[in-house]
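S.K.: The primary structure of each chain is shown beneath.
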Amino acid sequence: MIELHLLILVIVVSFGFVFSYLAMKEHDLLKALALSSVQSTFFALGFYILAAPDIVLAYLAIAVGAYTALVILAISKTERYEVGE
Amino acid sequence: MKRDVIVAVSFLLAFLFIAYAVTIKNVLGLGGEELRPLGEFYLGHAFAHEGLTSHSPEVVTAIVWNYRGFDTLFETFVFFLAIMGALSVLRLDKEQLRQARELEGGMPHRQMDLIVKATTKFVVVMIIAISASIALHGHLTPGGGFQGGSAMAVAALLLFAAFSKFTLERKGLTLRHTISAYAAGLALILATVLAPAFIYGGRLLEINLLPGETGLFNLDVGEYTAVTFGFLTVFLVLGIPEWVFKNVLRRELND
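Quick mapping for you: the protein sequence lines, in order, are chains A and B. The numbering used here puts the first sequence at residues 5 to 89. The numbering used here puts the second sequence at residues 34 to 288.
No lab work stands behind these hints: they were computed from the structure. Check the hints yourself; a few may be wrong.
As the list claims (entries may be wrong) - Pairs of lysine-lysine, DSS-like flavour, derived with a Cα cap of 30 Å: (1) K81/A with K127/B; (2) K81/A with K35/A; (3) K35/A with K127/B; (4) K127/B with K35/B; (5) K35/B with K81/A; (6) K81/A with K279/B; (7) K35/A with K204/B.
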């Protein structure tokens, strides 16, 4: 019998995988950044289900806040669209 | 496109298979209800009424700053080196900083909406309260200095976005102040690390000797300050617009 929280974990992390795939395939870097922060929110939920609240607190603030801001600053110094294959 | 989908789906299937094997079938032997001797030691000693104890019901913080304290100490130094690296690559001397400020002051001033500004003020107060509770209760509830500090840095970033870097610098959040606060945080950490050796005759970082829970509390407060202002320093340096930077550096070349 599969326990319910493990099932939720699998669903949440699968969503995280889907969003990280979308972020990799996106050519608009700002949109890719938004997708990657959605992915980190799902991973943070996964950490919470794994009973690691300390990680959740650091991971959310870093991945959604600080990391996003740093990459936005970096994008503002280059170009927004990724061109060429 | 089709190749991408195949790759993505195969990754997903592989992940599901590994998750099934590890959690349900217990292939790696990570699951199970029994408590290992090391875990038993931590649980028994992190919060005890006699003997050397960390005075911390939160075992994670006790491990991070006491039983594995040197790991965290060196991690703090790595963070310090990263920030010093960023500062030394992007540094401007006093004269150049003045020029940069002049150029920034001449920029067209974008005003955010009144609604955005008012909401940001409320949200920032809430985030600061939450981050303080995460950091200062670090030895009682989940959380600690690093987590609280990064939440606090996010609050400052919100202020950057809703108002402007220029406004904040006029209110006193300058590079010099953030670096001084960062140094104060590091000094508190170092003092707490050295105190047991010099005052109580123990070893470095043997914070169990300090009275009550002061050891963990001081380290948490020090890390909170250090991380908050470390992040802020980097954001202040990176927040200088690219054209201002280029302009200032070009003047240096011409001189």
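S.K.: All the hints need checking, so say for each whether the structure fits it.
M.R.: Each hint tested on the structure:
1. K81/A with K127/B: holds, 23 Å
2. K81/A with K35/A: Distance of about 17 Å is within 30 Å: holds.
3. K35/A with K127/B: Violated, at roughly 38 Å.
4. K127/B with K35/B: violated, 56 Å
5. K35/B with K81/A: Violated: K35/B and K81/A sit about 34 Å apart, past 30 Å.
6. K81/A with K279/B: Within the cut-off at roughly 11 Å; holds.
7. K35/A with K204/B: violated, 33 Å
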